[in-house]
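Protein chains: 2
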Amino acid sequence: MPNHVEPLENLIDQFARFPGVGRKGATRMAYEVMAMSNEQAMELAKAIEHAKTGLHRCRLCQDYTEGELCKICLSSKRDRSCICVVESPRDIQSIERTHEYNGLYHVLHGLISPMDGIGADQLCVKELLARLNSDIVKEVIMATSPTVEGEATAMYLAKLIKPLGIKTTRLAYGLPVGSSLEYADETTIYRAMQGRGEL
Amino acid sequence: MPNHVEPLENLIDQFARFPGVGRKGATRMAYEVMAMSNEQAMELAKAIEHAKTGLHRCRLCQDYTEGELCKICLSSKRDRSCICVVESPRDIQSIERTHEYNGLYHVLHGLISPMDGIGADQLCVKELLARLNSDIVKEVIMATSPTVEGEATAMYLAKLIKPLGIKTTRLAYGLPVGSSLEYADETTIYRAMQGRGEL
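Residue numbers (UniProt numbering), protein chains in the order written: chain A, 1 to 199; chain B, 1 to 199.
Wrong hints could be hidden among the right ones.
No distinction is drawn between identical chains; accordingly, a pair holds when it is met within one copy or between any pair of copies.
To be verified - In silico EDC-like cross-links for lysine to aspartate or glutamate, where the CA-CA straight-line distance does not exceed 20 Å:
(1) K24 x E87
(2) K71 x E6
(3) K24 x D91
(4) K71 x E127
(5) K71 x E9
(6) K46 x E32
Hints listed in this document are in silico derivations from the structure and should not be mistaken for laboratory results. Owing to the predicted nature of the structure, the values given are computational and were not obtained by experimental measurement.
Can you make the complete structure from the sequences, with help from the hints?
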């Protein structure tokens, strides 16, 4: 029921485009914008414009950056023999937070999903393969999500990369730290059992 | 940990200002903006600007409108003898959806909340009192939320309005339709008992 005045209805439509934001949430956000000061609202609008115009993909890893190359690709402290393949730039932040990985990254910007009509050609796969043409890279770590699409994408890439003589690995499956065995699903427990290590 | 590039970090900060949107949700939204086409992102930014510049408060009821007066205040089909007082413009939509109310509205744009330092002078109370100076208004319905702040605001306004000889009413308390008695809190049950009606 579009009972709202047009500019408000339009703003609700715009917010409702975000995945995970329903009609109710979008309405709430739109009214929040209306309750903001003019300056605050303009700052928000400008931040959107600025992020879109000021950022683009790193020539190497495809993460968002202001320069031609991102900080990680530019860093001399990084191990350039290892590339960790992720679905989205967000995942880089998650892995960086562990302070455990010192290699480079490669963002696919999606996963192969035939159901949604997304094939390998719509992802940054050729950019990844181009990076493997040198002798520097010794290992590619698949860090896609443990979902059907994440699995399929990792398998697909492994098939392309292995013939190049590069080690291809996958993040381990198992029980999430701090979780209870009681709530773990069978597949996770099965995988944790298979991947069990000596104490 | 502001690991993101600056324009992205700024956008996340902006989204995180929305109540109910945490840091994680804001990050998700910011990356969503990055994944949008340039046109889509600009549409979103423009919608925010347009809603803020194209809308202002109705001279009478203080709801958002493009003109001087909103549609409801302009309508000749509305009963001008009754004013329903609400906290925010959103609440008007909720009440309109019932198709049960045919009077006018008045938006306070907040509730009295001494804890947050919000007094009656920061709300649209004087605009409400100005509307009551004519002889047309016979009833003012308090439709603020059944919270401490909503209660306090309704009581405060009732004290101001009653001396003007205008009937002041309050939305009924009781069990929400479709709910289970099992999950209702004692206060609600107590109120439902007090307000019980004959069958």
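Going down the list of hints, with the structure as the test:
no., hint, result
1, K24 x E87, "between (29 Å within a copy, 17 Å between copies)"
2, K71 x E6, "between (43 Å within a copy, 12 Å between copies)"
3, K24 x D91, "between (28 Å within a copy, 12 Å between copies)"
4, K71 x E127, "within (18 Å within a copy, 55 Å between copies)"
5, K71 x E9, "between (40 Å within a copy, 15 Å between copies)"
6, K46 x E32, "both (17 Å within a copy, 16 Å between copies)"
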